[in-house]
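Using the sequences plus the hints, can you model the full thing?
As you go down the protein sequences, you meet chains A and B in turn.
According to full-length UniProt numbering, the first sequence is numbered sequentially starting from 1.
According to full-length UniProt numbering, the second sequence is numbered sequentially starting from 1.
Take these hints with a grain of salt, some might be off.
To be verified - Each pair of labels, with its calculated beta carbon distance range:
hint, chain 1, residue 1, chain 2, residue 2, range
1, B, S70, A, T261, 26 to 32 Å
2, A, T261, B, D28, 31 to 37 Å
3, A, Q196, B, E57, 34 to 40 Å
4, B, A17, A, N7, 23 to 29 Å
5, A, T133, B, A17, 31 to 37 Å
6, B, Y30, A, T156, 40 to 46 Å
7, B, H55, A, P107, 33 to 39 Å
8, B, R42, A, T156, 33 to 39 Å
9, A, D292, B, S70, 37 to 43 Å
What the hints assert, rightly or not - Covered stretches of chain A (chain B as the covering partner; in silico rule of three or more C-beta atoms under 8 Å from a C-beta of chain B):
hint, region
10, 30–36
11, 149–155
What the hints contain is simulated information worked out from the structure, not anything from laboratory work.
Don't be surprised by glycine CBs; every beta carbon is placed ideally from N, CA and C.
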Amino acid sequence: MDDGGRNEWSRLLAESLRANADDAPSDDGLLSSVRLRSSRYRRRRIATVLAAAVVTLAVVVPAALLSAARTDRTGPAPAAPDPQRLVAEFSAPAFPYTLAASAGLRPPVASMRDGDLIAFFEAPEPLHHADTTVTVSARPPASAGDPISVRVRGRTGTLTTVDREPARQLSLVWSEAGRWIRLATDDTYTPQQVVQLAEALVPASIPVLPPFRLDLSPAGLEVSTVTQSRISFGALEVILRKRRPLGATDRTVGPYPASLTRGPAGTTLDVDVTDWDATLEIRAASSLGLDDAQLLRFAAGVHILNRSDPE
Amino acid sequence: MNRGEAFDEYVQSRGRALLRFAYVLTGDAYLAEDIVQEVLARLHRRWSRISAMQHPEAYVRTAIVRQFVSWRRRRSSSEAVLAEVPEPAGAAEPQQHVLARDQMWRLLAGLPPAQRAVLVLRFYCDLPDDEIAGQLGCGVSTVRSQASRALGRMRIMLAEQGVGGDG
Numbered sequence: 001m002d003d004g005g006r007n008e009w010s011r012l013l014a015e016s017l018r019a020n021a022d023d024a025p026s027d028d029g030l031l032s033s034v035r036l037r038s039s040r041y042r043r044r045r046i047a048t049v050l051a052a053a054v055v056t057l058a059v060v061v062p063a064a065l066l067s068a069a070r071t072d073r074t075g076p077a078p079a080a081p082d083p084q085r086l087v088a089e090f091s092a093p094a095f096p097y098t099l100a101a102s103a104g105l106r107p108p109v110a111s112m113r114d115g116d117l118i119a120f121f122e123a124p125e126p127l128h129h130a131d132t133t134v135t136v137s138a139r140p141p142a143s144a145g146d147p148i149s150v151r152v153r154g155r156t157g158t159l160t161t162v163d164r165e166p167a168r169q170l171s172l173v174w175s176e177a178g179r180w181i182r183l184a185t186d187d188t189y190t191p192q193q194v195v196q197l198a199e200a201l202v203p204a205s206i207p208v209l210p211p212f213r214l215d216l217s218p219a220g221l222e223v224s225t226v227t228q229s230r231i232s233f234g235a236l237e238v239i240l241r242k243r244r245p246l247g248a249t250d251r252t253v254g255p256y257p258a259s260l261t262r263g264p265a266g267t268t269l270d271v272d273v274t275d276w277d278a279t280l281e282i283r284a285a286s287s288l289g290l291d292d293a294q295l296l297r298f299a300a301g302v303h304i305l306n307r308s309d310p311e
Numbered sequence: 001m002n003r004g005e006a007f008d009e010y011v012q013s014r015g016r017a018l019l020r021f022a023y024v025l026t027g028d029a030y031l032a033e034d035i036v037q038e039v040l041a042r043l044h045r046r047w048s049r050i051s052a053m054q055h056p057e058a059y060v061r062t063a064i065v066r067q068f069v070s071w072r073r074r075r076s077s078s079e080a081v082l083a084e085v086p087e088p089a090g091a092a093e094p095q096q097h098v099l100a101r102d103q104m105w106r107l108l109a110g111l112p113p114a115q116r117a118v119l120v121l122r123f124y125c126d127l128p129d130d131e132i133a134g135q136l137g138c139g140v141s142t143v144r145s146q147a148s149r150a151l152g153r154m155r156i157m158l159a160e161q162g163v164g165g166d167g
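So this is what it looks like as structure tokens:
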């Protein structure tokens, strides 16, 4: 192709893009949509610490189904403990630190991912304070950038700065009491202020707020993930997803249709929770050894809380 | 003006331009709307810092491009080999000109996201290659090779379909 041909292509391409740009959607309502979405993300971060008045939706297995599945027919509870695989208890984990009020950040919201406990401290205003996340882990966290050595809480820690837009990310890592702690924030704070934040951590017990109340939990398994949409025990996982079509349903959980699918890795129970516009997915690994009745019984004890947020 | 007012003013004054940009990038009105909303919602909280940057609009557009490329990454596209192809003939006639323009638009839809992004930044935003490289987070040579491959691929598709074909 000669220069003339190339120029013709370039001109046509530019004209095509500009002409078609006129078909772009209108910006009517853009600002309100953005604000709505931004508020939703903020709610996700803050995770409704104040949601004490919990409205629950009980996903209850019908009595007839329970009778068939339950070995103990005398108990009135809809989800009786299973002596083999399920126990009638679930205790949510707790984050072991908080920041003193003088740090200028909001009270933390705790969660847990893959065994790591995470506390998010939101900054009330972004000029002098920055959102800060503290992670407590059993293993040393991965770090990027060139770390520098600092003294923190009487120990040696490493401070790493990574260039990002719109703000550089600062990460301070140290080990204490047999666990690794990582404090991550941005360059709203100086390195000295980051160390001061770490010094301001005090022992506490900040409950990780689960998205569900569980009547039962798998015996011998520890919870590893608790977010606004899921609780995972590794081999048993409960996930609240945005509603999706289930196709053929072959079970009923309370008033809701459900679908049970078996595969080589395990069994999945999907419950179409229509009034939450969500699908409750319960995945049990084969290694757990739950039969269908036990899985349904477990599902009966999953109560979706209004602080949950489908993923 | 506080942070909230500044953000609102930006969205109201630049929202349409961002939607136009996202639309030519994605070729899909719903996806364009979703990406612009997503990016602005995520930047909202940090707006005071972003607006203090030298080129906040460039930062927003970069975020849109990266969101698009990230969204499309899951949908892999195979790349064609560059070959000699015919010129877009008949563009001198007004009707043919419109047809050729429409055909360009359809050909763009067949490109992998990174290649499409390069062409949009070069031919819609009129950005030089070094700025495109900055926005995409890659080297200038990558921008040039992506542009070359994109144009080559379009020519191949054009040759296969013929000018004025149904696409």
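Results of checking the hints against the structure:
1. B/S70 <-> A/T261: 26 to 32 Å: 30 Å, holds
2. A/T261 <-> B/D28: 31 to 37 Å: Taking Cβ atoms as reference, A/T261 and B/D28 lie about 32 Å apart, which means the hint holds.
3. A/Q196 <-> B/E57: 34 to 40 Å: 36 Å, holds
4. B/A17 <-> A/N7: 23 to 29 Å: 27 Å, holds
5. A/T133 <-> B/A17: 31 to 37 Å: Holds, since A/T133 and B/A17 (Cβ atoms, about 34 Å apart) stay within the stated range.
6. B/Y30 <-> A/T156: 40 to 46 Å: 53 Å, violated
7. B/H55 <-> A/P107: 33 to 39 Å: Given range 33 to 39 Å: holds, Cβ gap about 37 Å.
8. B/R42 <-> A/T156: 33 to 39 Å: 36 Å, holds
9. A/D292 <-> B/S70: 37 to 43 Å: 39 Å, holds
10. 30–36: Since 5 is at least three, the answer is holds.
11. 149–155: Coverage by chain B is violated here, the residue count being 0 at a Cβ distance below 8 Å.
In the structure shown, a violation is registered for the earlier hints numbered 6 and 11, in ascending order.
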